[in-house]
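Chains Z, U, X and H are the protein sequences, given in the same order.
So for the first sequence, the working numbering puts the first residue at 1; every next one is plus one.
So for the second sequence, the working numbering puts the first residue at 1001; every next one is plus one.
So for the third sequence, the working numbering puts the first residue at 2001; every next one is plus one.
So for the fourth sequence, the working numbering puts the first residue at 3001; every next one is plus one.
Simulated from the structure, these hints should not be mistaken for laboratory data.
Here the structure is a predicted model, which is why all the values come from computation and not from measurement.
Honestly, I wouldn't trust all of these hints.
Under the rule of at most 20 Å between Cα atoms (straight-line distance), these lysine-lysine pairs were calculated in the PhoX-like manner [what the hints assert, rightly or not]:
| no. | chain 1 | residue 1 | chain 2 | residue 2 |
| --- | --- | --- | --- | --- |
| 1 | H | Lys3438 | H | Lys3371 |
| 2 | X | Lys2362 | H | Lys3159 |
| 3 | H | Lys3370 | H | Lys3438 |
| 4 | X | Lys2443 | H | Lys3159 |
| 5 | H | Lys3160 | X | Lys2443 |
| 6 | H | Lys3160 | X | Lys2362 |
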Amino acid sequence: MPQTVPLSWYLILSAILFGLGVAGFIFRRNIITVFMSIELMLNAVNLSFIAFSYQLRQVDGHIFSFFVMVVAAAEAAVGLAIILTVFKNRATLAIDEVNSLKN
Amino acid sequence: MDAFLFFLFAAIAVACGINLVVQTHPISSALSLIGVMGALAVLYLLLGAEFMAAAQMIVYAGAIMVLFVFVIMLLNAGAETRKSRATFAKLLGVPALIGFLMTVSFLIQALLPRTEPVKFGAFTGGTAQAIGKKLFTEYLLPFEVTSVLILIAILGAVVLARKEI
Amino acid sequence: MSLLNLVLALPLIGFLLVLFLPKNNINAIRLFTLVLTLGIFVLSLGLTGPFFASGNGNWFVTDVPWIQSPEIRYHVAIDGLSLWLVILSTLMTPICVLVSWNYIKDRVKEFYAFLLLLEFGLIGVFVALDLFLFYVFWEVCLVPMYFLIGVWGHERRIYAAVKFFLYTMAGSVLMLVAIIFLYNKGGTFDYVNLVELIQRGRLTFTHTEQLWLFLAFFFAFAIKVPLFPLHTWLPDAHVEAPTAGSIMLAAVMLKMGTYGIVRFCLPMFPNAARECAPYIVVLAIIGIIYGALVALVQPNMKKLVAYSSVSHLGFVVLGIFSFNQNGLDGAVYQMLNHGISTGALFMLVGYLYERTHSLEIKDYGGVANISPGLATVFLITTLASIGLPTLNNFIGEFLVLQGSAQVNIWWTAFAATGVILSAGYMLWMYQRSFLGETNEHLKGHMHDINARELAAALPLLILMVWMGVYTKTFLPFVSQANARILEQSRSGVELRVVNQNPGGNVAAVREIPNAR
Amino acid sequence: MQQLWLIPALPLAGFLINGLIGKRLPKMVVSLIAVASVVLSFGWVLKTLSALGSLETAYVERYFTWFESGTLNIGFDLAVDRLTAVMLLVVTGIGSLIHIYATGYMEHEGGYYRFFAYLNLFMFFMLMLVLGGNFLILFVGWEGVGLCSYLLIGFYILKKSAGDAAKKAFIVNRIGDFGFCLAMFLIVVNFGSLDFGKVFEAVKPMPVEATAGILTAIALLLFVGATGKSAQVPLYVWLPDAMEGPTPVSALIHAATMVTAGVYMVARSAVIFERSPMAMEVVAIVGLITAVMAATIGMTQYDIKKVFAYSTVSQLGYMFIACGVGAFSAGIYHVVTHAFFKALLFLGAGSVIHAVHGEQDMRHMGGLMKKIPITFAVLTCAWVSIAGIPPFAGYFSKDEILLAAHHHHPWMYWVGVVTAGMTAFYVSRAMFMTFFGKYRGHAHPHESPFVMWGPLAVLAVLSLAGGWYFKVPHYLEPLFPLSGEAHDMTLVAISVGAGALGIGLAYVCYVLSPGIPDTVSGALGPIYKLVYNKYFVDEVYDATIVNPMVGGSRSVLWRIVDAGIIDGIVNGTATVSRSVGGALRMLQSGNIRSYAAWVTLGGVAVLVVLGVMAGGAK
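Use the sequences and the hints to build the structure in full.
In structure tokens, the structure reads:
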């Protein structure tokens, strides 16, 4: 067991988490879960930001991920409100049935 | 120790992430997501981002995820029924995903070979003080703009959640 | 802030202000737009000041950087060529407001907002001297017109709007490619610089390059003119557009094409222009005759007027590509004339439509009995349109034909048949709709022209006579500007002989700042 | 400055007043304004001419530059020379009389103010036409009178036939104007100006063209214009139809003034014509054909105005014969005398029509001599004048023309003599059918009021004595030198004899034994039918030009070329794009997850590309 891991491992972890987010986005049918997958992806990105910040010894990466977090919060608020509305109108959370764009 | 902590929490994060994807009930997914976030917070700490770790726990795991859980309960959302029509998406998605992971890993390995080993305490710039300084000097305008963004988000949420729509 | 900037900015400011007016207060919106557009018109009259005081040239120049990289400048100015076109735009807008007063009943706010935006774009097109800026304004015009047709039009409005949009886009994209090519080669978007570089021989194109550049520009403009056989969007757009849309389209927007040809194609690519001239002239003449013949058999008034536009604009193109003073003067004058007389025709057809909700000629007949005032105004406009001497169109047509006669009398002979035919289709329409026994179901719907409608028509009628009798007010500035353009397009011909070394290109480009 | 502009400006003012506010004015005021403006104009003409004296050379006034482009400078010029002076007197003089007459004739018609506004406008343009100092001002008047003719022919807006006739007149005139315009363009190209003075100065040194050259082209194109305006073959078809307009209009525009504009224009351009024998020959022959053809048609018509209309066409043909054989002054002479007697004929016919309440068919007239004696008396004056009985007006001018024709080509003289006989015949026929025998109508004929027969009386005097009193050819000598040839009394006698013969024949046919015409027409059968139907010229034009053009435009150009081919290509492009889009549309399933899958795939692709590029860079 090594004492330390290289920074790239953090990045790979970030990629894996991001991939999981994408997978959730693609395979899940529940809107809420899809939405959470997005959060997962954002988190994965945040991890890379902070990792790079460590590498460069600069705090700016933290600031970026801070902003990401803020945007995520705003997005969650609006997104969940939208989900509420969709549910009220269609009585379903299944993403396949929300396809009015098609026609 | 650094490596151990990394492997432990990385494993937790990945496991929770997988659980998020495979669970059919949204409440399980939400709990898994909280797990991911907690694990990530520890990793942030390892990378010297103490403020971000705290924010991650408070804002993400605390506030946002509560919102999620709250909505799930409000809608009384049950487990997914196994009837996906998007076979096409899966056909396309699985290879795309695998390709993605492979490419990214390859790129990270190939293009970033000289990454230094991560040692706890090697970078201490992530304190609340340092971030505050940055935020209120260099990033003051974006910071203020985010406040507007959040205000708009609140208004949007209020408008969307009104009864008439 | 120079007067020109003010005239250019006010419509945009007005556009934004209208958006903030309460939606339901229709009167306030109409009144505000009317007062504002009238104000702009009065201000724009001030633009003539330096021309009358100290002759021709580029006046009201503003040249400041807009975007640093790539270097795009906000470079605007007017000369004798654009002066009257700007004033034509500012004149037609308040008239359109008056015409739409009762005609537009829903989405009033958006309508007037778009009208103001259109005015902004049109003025911008005529004053921009930076190619990129020109392109921006060119596209700005497209959007409000698309909506004017698509939202407030008649039954097939969507088809017409999309057709209009796609046609124009198809051309303008080519133009954009040409503009970017010019920038890469010349290192500047600035029209004045480019022309000077070309004049001095510092920027030269190979034969093929010049031909393609010319065609790319010309194609965009020819669609807008519209030149046969690219004209089929026009009848549809006109028929479906609301009255104000038709007026703006016919009176000003079509002139964007011909203006572009004169302003850009001739001075920048003189050799290619001369090389293509015979083919273009043939198309123009076909357009003249063809437009007239097709107009002859149209059952729909607006379509008839639209095809007559094809015919009239053919004269303009013929004049431009005669490459002499008379032809070019006539062409530019004809642009203004066509704006006034065809604008008035569309307005009057709109009046008829407002009364009976029909554009079919067969639904009319004997209107002169019930509405003698309307009939008189229509008659004068018809006469102007068919080129009766002492009314405006005659001067333009005469000069154009005179110009083409100096090149080839046969061109003139064929083109002049369009003048005969124009009398045919216009008078036939007039007879079928205004003379004879009054159509039964018109009774009760028709009323004579009212004060508001007359107020919109009267300026145009006065201009028809004024421009037909006392051309000294208008023509000298146009003539001088044209003389300069002719000079520029002539020097290019000699350049072809002088500048033959292929290496000259690179050296020339190096000297320009910002060249890459 | 003689303020020449006042001459046309006065009627223009009348037009503006009546046109703008005439609707609200009482009839009395409207007619006063209309008549006064023309009479004042006539007065101003007299004053100006007396002030200008002998007018050996042209007197030009320039007011402002109409338009200027490059070297071409068209001024708003008015000019007077002797030719113009003659025309001015005719136009304003006869115009005044007809205006006075019209106040009576139009008394009970609707649109009274409109009528006089148009009539004044016509005077304005006609005066511009004769006063114009360059071709373009002439053209302004030329087109303007065409417009007024259009407006006045179509004056009865409720009648479809009136509208048709008006439109036909305008368009046929436009065809002529096409030639005129081309001629102007050629003039500018070759001489750089349109001023009469400059152009003719430039033409004078040029040699006479033995073969067709530029002057021939210009002359012929000018003549095309003249055939339109002056109703010559093949463009004469509009004039008979133009009789749809009110009778004073027929008298003023379609007999006395406007239709002679072509003759005026040819005479004005005499310098050009004289240098092109070929063009002259064409002018003479067209004139001859027109004269004969119209005279034959005139002999068969029953509508009294149509008879006079064809008579006008025929007489205009005479004038062109004169121009064609080089006797321009004789042509103008005939313009003047023709204005006298033809205006009188039309106004008299109007008086007759007025008397019988709008009836125009001569078969429903007859025996009116007793009932409307004054009208009969004045018409008789016109009758003897047109028939060429010496020493009345028509005799002098016709004689001049025939002699000049004989000098040129004897056969032209003989054709002219025959035509003169026919002229006498059809006018006499009209007179006999209208005034002799028994009344065949149902109305109650009554004499016209003084305002109507007053002008008639003046015209009657002019028809009788005008030719002898106004020696137009002598007056015009500085412009058109006289040939100085002695009058051959034999030829004169023959032509007078032909006239007398025509009258006699008509007397026999329509008074002594009214059965003869039917027998003759029956015997001639198809030929009679051909002539009676005006040689089917209108029908031929319709079948060969109008219908193919309209039909072709509709079915070929519009439906096939425009809607079919061009729009087909456009819409076809759209359809292709749409089907391509349709294939791509499968991607746009509206399914968010498949979108996400695509996004991922795209992300991978971008990453791969980036990786490859970065790898390549290393």
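Hint-by-hint comparison with the structure:
no., hint, in the structure
1, H:Lys3438 x H:Lys3371, "holds (11 Å)"
2, X:Lys2362 x H:Lys3159, "holds (17 Å)"
3, H:Lys3370 x H:Lys3438, "holds (10 Å)"
4, X:Lys2443 x H:Lys3159, "holds (18 Å)"
5, H:Lys3160 x X:Lys2443, "holds (19 Å)"
6, H:Lys3160 x X:Lys2362, "holds (14 Å)"
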